[in-house]
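K.L.:
Please work from the sequences and hints to get the whole structure.
Below, each chain spelled out in residue letters.
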Amino acid sequence: MDFETVFSDVLPIPLDEGPNPISPIAYPAEYSQAMDYFRACARANEKSQRVLDLTAAIIELNPAHYTVWKVRQECLIALNADMRQELEYATEVGLEHHKNYQVWHHREVVVTQIGYDEAVIKKELGYIHAQFKIDSKNYHAWSYRQWLVKYFNYWSEELKEVDGLIELDCRNNSAWNHRYYYFTNRPEGFSDDDLKSEITFSLAHVRKTPNNESPWNYLRGISKKASPASGIVDSLVNDVKNLIQENEFIVHGASFLLDIVESRIAQEADESKKSVDSQYAKKLCNDLMKYDIIRLKFWTYRLSLLS
Amino acid sequence: MAMAFYAISGIDICGAVEKSISEKNRKDWIEWVYAQQVVPSWDVNSEEKPDGASWGAFGFRGSPSSGRPFNPNQTTAEFWHHDTSHMAMTYTALLTLVILGDDLSRVNREAIIQALKHCQTESGSFIASVDGAESDMRFLFAACAISYILNDFRGVNTDRAVTYILKSRTYENAHGGSTYCAVASLALLGQLHVIDEFRLELIGWLLKRQQDDGGFAGRPGKVSDTCYSFWVGASLEILGAYQFSDSQANRKFLETTVSSRGGFSKHADANPDPLHSYMGLAGLSIAKEPGLEPLWPQLNITLRALNHLKNGTKWWTMSQ
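Here the protein sequences come in this chain order: A and B.
Throughout the first sequence, residue numbering follows the UniProt record's numbering, covering 1 to 307 in sequence.
Throughout the second sequence, residue numbering follows the UniProt record's numbering, covering 1 to 320 in sequence.
FYI, nobody ran anything at the bench for these hints, they're computed from the structure.
Each hint should be verified, as a subset may be incorrect.
Unchecked claim - Here are the simulated DMTMM-like pairs of lysine to aspartate or glutamate, each with C-alpha atoms no more than 20 Å apart in a straight line:
hint	chain 1	residue 1	chain 2	residue 2
1	A	LYS150	B	GLU122
2	A	LYS290	B	ASP213
3	A	LYS225	B	ASP273
4	B	LYS27	A	GLU158
5	A	LYS224	B	GLU201
6	B	LYS27	A	GLU17
7	A	LYS99	B	ASP273
8	A	LYS282	B	GLU201
9	A	LYS225	A	ASP192
10	A	LYS122	A	ASP163
11	A	LYS283	B	GLU201
12	A	LYS290	B	ASP246
13	A	LYS122	A	GLU158
14	B	LYS252	A	ASP292
As the list claims (entries may be wrong) - Residues on chain B that point at chain A, a partial pick, calculated with CB under 8 Å:
hint	residue
15	ALA77
16	HIS81
17	HIS82
Beta carbons are placed, not taken as given, at the ideal position from N, Cα and C, and that holds for glycine.
P.N.:
Written as structure tokens, this is what we have:
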């Protein structure tokens with residue numbers, strides 16, 4: 001972009017760092033010149049095609065300048081620009097800068113402008129999927145996905161997506177997290193039957209990779225959704241107890257059981273049941289002290305709480 | 001501004017503010033920070049807000065990028081489009097001023113508090129800036145920290161903030177960084193008791209971030225990263241549970257991320273950067289490394305600086 005020609009009627013505003021700045025930055029000449037014109041246009045609140053083009057030129061040099069993105073959004077709205085085409089642009093930038101907060105937020109702004117359009121939503125889900133191929137734990141991509149499906153109440157592809165990602169990498173904690181997000185946010189809710197089949201699903205994973213923390217944490221979360229009268233938690237406790245006995249010691253399993261058994265003790269009225277649980281909890285603490293050395297002090301503390 | 005904070009607070013943790021920052025630099029840098037204050041076009045203490053003006057913009061910018069002429073002493077200024085503050089920059093600017101020994105007397109507290117009110121969303125979180133409506137736990141924390149530093153919580157609706165924090169809790173705590181922001185916010189708001197019910201479980205989750213190599217990871221299934229020695233360590237310290245972690249093992253991990261060029265990197269084989277250098281020091285300080293100034297993790301400044309905040313700045317020493 002030939003700034004001097006395009007903005008010949010604009011008086012550029014230079015950066016004034018003062019006499020002795022704390023951390024002066026040596027900006028490249030092209031960036032400085034673009035920013036000098038940008039400042040002048042922002043100051044005049046100009047919303048035009050040439051400012052839109054200027055923002056793209058600056059974003060190419062520095063995609064993290066949030067004011068530049070904001071001005072871009074204002075120009076797009078003022079010019080009544082094609083927002084679907086803008087998503088293409090955001091994709092181009094986003095595929096180069098996977099973890100840039102601004103470009104992810106920009107998508108949200110643009111998609112909100114478009115409003116509900118199933119084709120757009122599907123395309124967005126496809127874009128996120130492409131990002132997962134690059135990094136399936138990208139926090140920004142997951143946050144955006146959660147926002148998108150909730151905002152448009154569009155849940156039909158979620159289970160398939162997380163199934164696929166967990167299949168690919170059962171240690172993908174973000175995918176497990178999203179599984180929980182799906183069940184606890186979709187309008188249908190989470191029935192005891194859903195819970196039972198999710199427990200089966202998690203236990204199958206736990207059997208395959210006992211030291212994988214993610215399915216254990218997932219079990220921890222979903223088990224809290226059980227209705228007290230259903231007996232689901234008691235039967236889960238038994239399943240996990242057996243699993244621990246069959247295997248070599250499983251730290252995550254024992255720590256999961258300890259939390260559940262402790263809360264059962266707190267709620268139990270029957271003294272003899274309480275005492276059985278209490279003995280078991282102490283045994284778990286002792287085992288954890290033996291096998292999970294790095295947290296020795298914590299398990300010692302937990303044991304002290306039981307006496 | 002954030003870079004300046006990492007550098008200067010890092011120097012402070014090393015106990016070297018007086019030794020390594022000359023009196024001239026100290027004074028000039030205070031002026032530079034003040035020159036980044038976004039001030040209203042009217043006197044907020046004695047005049048009504050003019051029609052068309054908005055409260056949201058006030059606080060500190062990250063840099064002089066809007067093109068305002070350098071002026072550390074102005075109390076009002078003509079309105080400029082897109083010359084706005086940013087929540088994280090206001091937070092780091094105020095801390096930088098405190099560390100440099102300023103008394104905060106040139107901070108326009110009323111304008112900032114009103115801006116905070118304006119930036120809290122219905123759900124209870126805060127937007128980062130009126131120019132870019134990202135909102136999440138980071139900016140809620142910044143709002144709490146700003147309110148604490150200015151000794152004035154009128155800008156934060158505590159009930160809404162607490163509701164947002166509790167709602168954001170997933171079945172696990174998802175991310176070490178956002179967990180720090182949540183826990184520190186509750187501590188600054190004096191609302192830590194709202195997590196009593198799951199406090200022990202949260203402590204357990206945080207402790208499990210410590211990996212076999214001694215370092216802390218941000219989420220299950222991720223590798224250790226220097227900065228989580230602070231995010232996770234500080235969360236544990238605020239919850240009174242840091243002593244349950246293995247700080248010797250963590251120290252050994254941090255030693256592997258020290259760069260031969262100075263500073264810390266994210267992992268042993270990465271390049272050092274200001275954020276990780278600062279977070280490495282902060283993590284060691286929480287572990288009570290000899291020779292380092294102790295840290296107050298709620299605000300992420302040294303006890304030395306906290307003492308100055310409470311005894312040497314205007315908003316804590318004036319009679320309210």
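K.L.:
Please go over all the hints and tell whether each is borne out by the structure.
P.N.:
Going through the hints against the structure:
For the suggested pair A:LYS150 and B:GLU122, the alpha carbons sit about 17 Å apart, so the restraint of at most 20 Å is met. With a C-alpha separation of about 18 Å, the suggested pair A:LYS290 and B:ASP213 falls inside the 20 Å cut-off, and the hint holds. Restraint check for A:LYS225 and B:ASP273: the C-alpha separation of about 43 Å exceeds 20 Å, so the hint is violated. A distance of roughly 56 Å separates the Cα atoms of B:LYS27 and A:GLU158; the hinted pair therefore is violated under the 20 Å criterion.
For the proposed pair A:LYS224 and B:GLU201, the alpha carbon gap of about 13 Å is at most 20 Å, so the pair holds. Between the alpha carbons of B:LYS27 and A:GLU17 the distance comes to roughly 15 Å, so the proposed pair stays at or under 20 Å and holds. For a cut-off of 20 Å, the pair hint linking A:LYS99 to B:ASP273 stands: about 17 Å separates their Cα positions. For the proposed pair A:LYS282 and B:GLU201, the alpha carbon gap of about 17 Å is at most 20 Å, so the pair holds.
Taking the CA atoms of A:LYS225 and A:ASP192, the gap is about 8 Å. The hint holds against a cut of 20 Å. Distance restraint check for A:LYS122 and A:ASP163: the Cα-Cα separation of roughly 18 Å lies within the 20 Å cut-off, and the hinted pair is therefore satisfied. Proximity of A:LYS283 to B:GLU201 is assessed by CA-CA distance (about 19 Å); at most 20 Å being required, the pair is judged to hold. The straight-line distance between the Cα atoms of A:LYS290 and B:ASP246 is roughly 15 Å, inside the 20 Å bound, and the hint therefore holds.
As the CA atoms of A:LYS122 and A:GLU158 are separated by approximately 11 Å, the hinted pair is consistent with the 20 Å bound. Note on B:LYS252 and A:ASP292: the hinted pairing holds, with a Cα-Cα distance of about 18 Å set against a maximum of 20 Å. At a threshold of 8 Å, the smallest CB-CB gap from B:ALA77 to chain A is about 12 Å, leaving the interface hint violated. Checking B:HIS81 against chain A by beta carbon gives a least distance of about 4 Å; that is within 8 Å, so the hint holds.
Interface restraint check for B:HIS82: the shortest CB-CB distance to chain A comes to about 4 Å, inside 8 Å, so the restraint holds.
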